[in-house]
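Participant: Sequence:
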Amino acid sequence: MQENVGRPDWVDSKLYPFHDNWVEIDGHSIHYVDEGPRDAPVLLFIHPGPGWSFTYRYHIKRLSDKFRCVAPDLPGYGLSEAAEGYDYSLRSQSHALGRFVQTLNLRNMIVWGNDGGGPTAILALAKQSDRVLGLVVGGTFGWSIKDYRSVAWTLRVVTSPFFRLINRYTNFLARSMGSKMALGTRSLLKKEREQYTRPFKKRNTRNRALRLFASFNDHATQDDLGRALLAFREKPVLIQFGEGDPMTGQKWPERWAKELPNNHLVLLPNVRHFTFEGAPEATVENFRSWWAETFTMPNINSPSERFRNVRLEDFLPENIGTFPPVLYEGSVTLNPSTVAGCTNSYSNGGGYDC
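Residue 31 in my numbering sits at position 31 of the sequence shown, with consecutive numbering throughout.
Since the hints were made in silico from the structure, they are not lab data.
Treat the hints loosely; a few may be bogus.
[To be verified] The calculated lysine-lysine pairs, modelled on DSS-like cross-linking and capped at a C-alpha distance of 30 Å, are: (1) Lys146 to Lys251; (2) Lys146 to Lys235; (3) Lys127 to Lys258; (4) Lys66 to Lys146; (5) Lys180 to Lys202; (6) Lys61 to Lys190; (7) Lys235 to Lys258; (8) Lys61 to Lys180; (9) Lys251 to Lys66; (10) Lys14 to Lys235; (11) Lys201 to Lys191; (12) Lys191 to Lys202; (13) Lys127 to Lys146; (14) Lys14 to Lys258; (15) Lys61 to Lys146; (16) Lys251 to Lys127; (17) Lys66 to Lys127; (18) Lys66 to Lys14; (19) Lys66 to Lys201.
[Unchecked claim] Have a look at the derived ranges for each label pair, beta carbon to beta carbon: (20) Gln250 to Leu189: 28 to 36 Å; (21) Lys190 to Asn270: 34 to 42 Å; (22) Leu189 to Asn108: 18 to 26 Å; (23) Asp12 to Met181: 18 to 26 Å.
We put the CB at the ideal spot given by N, CA and C, even for glycine.
Please model the complete structure; the sequences and the hints are all you need to start from.
Facilitator: Written out as structure tokens, the structure is:
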């Protein structure tokens with residue numbers, strides 16, 4: 001475990017055993033995790049609001065042996081400090097992420113985004129899509145939500161003055177990150193929940209994510225987001241949604257499959273919105289299998305020559321057995337009849353490409 005001088009006392013170094021890194025960008029003091037071999041393909045993890053890099057602690061621990069795992073705390077979240085006058089909008093957050101990627105000169109990236117991390121990544125990297133090998137998405141969107149009236153209405157409710165007042169005094173949004181209502185499979189331990197609530201100990205910090213959510217309804221931003229997604233049209237994408245996620249009810253997994261045809265789609269049983277906490281083991285093993293099939297199998301037109309001859313066994317867990325496996329016990333994959341254009345991509349029925 002790394003010693004981190006100056007790390008706040010509330011950070012549990014047993015749960016979060018990573019070295020602290022910092023970079024100054026446009027007046028922001030950005031904290032980030034950077035673990036794993038520097039010459040390996042990059043996994044760029046984009047946290048939701050009001051999360052931080054702690055969100056992906058399990059994924060970093062499990063994947064940093066073979067991948068360079070980079071997880072920034074976006075400005076004003078986690079251990080990062082935002083520049084004075086920062087407005088916490090999707091557009092500003094995306095700009096900060098884009099500058100972060102440029103500053104670290106990250107390339108050959110798989111970009112992993114959940115919740116607000118999805119649109120943030122799409123807007124941030126559309127003009128740098130040559131740096132991106134593929135995407136991993138869950139509980140998120142990458143398009144205008146104008147046609148999703150119930151979603152737009154919900155956003156207006158949770159960003160209303162009344163809800164902002166409630167959140168300011170209860171820290172409700174941060175507390176919800178560890179609730180069974182949001183995860184589906186479990187509730188986080190108290191010491192885990194505290195890692196989500198302590199960054200917002202001061203009341204005047206608690207509505208930052210609500211300012212982000214309010215900007216999702218901005219029409220100009222929505223139009224830009226829809227255009228930005230086109231830059232990823234040919235990129236492979238792993239779509240992992242909780243079966244009980246309200247966004248699954250909005251048919252967002254199928255929307256991702258329609259927008260990005262080079263996809264693999266998995267629904268996680270009993271999991272709700274936050275897949276990274278509700279099913280961390282499954283999301284990691286699904287990723288390993290998807291990576292192996294997409295980037296290392298023979299005769300696959302990989303986006304990067306660099307990875308054409310990577311050995312399959314380098315990226316599979318030791319106990320995975322014969323590939324391709326069933327993604328995990330109890331996995332749910334979509335029947336072709338439920339999503340137009342789906343074809344069985346595994347000979348044993350382990351998944352579908354849509």
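Participant: Work down the list of hints and note, for each, if the structure agrees.
Facilitator: We went through each hint and held it up to the structure:
1. Our distance criterion of 30 Å between C-alpha atoms is met by Lys146 and Lys251, whose separation comes to about 15 Å.
2. Straight-line distance between C-alpha atoms of Lys146 and Lys235 comes to about 25 Å, which keeps the hinted pair within the 30 Å bound.
3. Taken as a hint, the Lys127 and Lys258 pair is honoured in the structure, with Cα atoms around 22 Å apart against an allowance of 30 Å.
4. About 40 Å separates the Cα atoms of Lys66 and Lys146, which puts this hinted pair outside 30 Å; it is violated.
5. Restraint check for Lys180 and Lys202: the C-alpha separation of about 25 Å stays at or below 30 Å, so the hint holds.
6. Note on Lys61 and Lys190: the hinted pairing holds, with a Cα-Cα distance of about 21 Å set against a maximum of 30 Å.
7. Our distance criterion of 30 Å between C-alpha atoms is met by Lys235 and Lys258, whose separation comes to about 13 Å.
8. Restraint check for Lys61 and Lys180: the C-alpha separation of about 23 Å stays at or below 30 Å, so the hint holds.
9. Taken as a hint, the Lys251 and Lys66 pair is broken in the structure, with Cα atoms around 33 Å apart against an allowance of 30 Å.
10. Restraint check for Lys14 and Lys235: not satisfied, since their Cα atoms lie roughly 36 Å apart, outside the 30 Å limit.
11. About 15 Å separates the Cα atoms of Lys201 and Lys191, which keeps this hinted pair within 30 Å; it holds.
12. The hinted pair formed by Lys191 and Lys202 meets the criterion: a straight-line CA distance of about 19 Å does not exceed 30 Å.
13. Taking the CA atoms of Lys127 and Lys146, the gap is near 24 Å; set against the 30 Å cutoff, the hint holds.
14. The straight-line distance between the Cα atoms of Lys14 and Lys258 is roughly 41 Å, outside the 30 Å bound, and the hint therefore fails.
15. Distance hint between Lys61 and Lys146 is unfulfilled; the C-alpha atoms sit about 38 Å from each other, more than 30 Å.
16. A threshold of 30 Å between alpha carbons decides the hint, and for Lys251 with Lys127 the separation of about 27 Å falls inside it, so the pair holds.
17. Distance check on the hinted pair: Lys66 and Lys127 sit about 27 Å apart at the alpha-carbon level, within 30 Å; holds.
18. For the proposed pair Lys66 and Lys14, the alpha carbon gap of about 22 Å is at most 30 Å, so the pair holds.
19. With a C-alpha separation of about 36 Å, the suggested pair Lys66 and Lys201 falls outside the 30 Å cut-off, and the hint is violated.
20. A hinted range of 28 to 36 Å for the beta carbons of Gln250 and Leu189 is consistent with their spacing of about 31 Å.
21. Separation of Lys190 from Asn270 is about 22 Å and departs from the stated range, judged on CB atoms against 34 to 42 Å.
22. The given range of 18 to 26 Å is broken by Leu189 and Asn108, whose C-beta atoms sit roughly 36 Å from each other.
23. Between Asp12 and Met181, the C-beta spacing of about 23 Å keeps the proposed range 18 to 26 Å intact.
Of the hints listed earlier, those the structure fails to meet are numbers 4, 9, 10, 14, 15, 19, 21, 22, in rising order.
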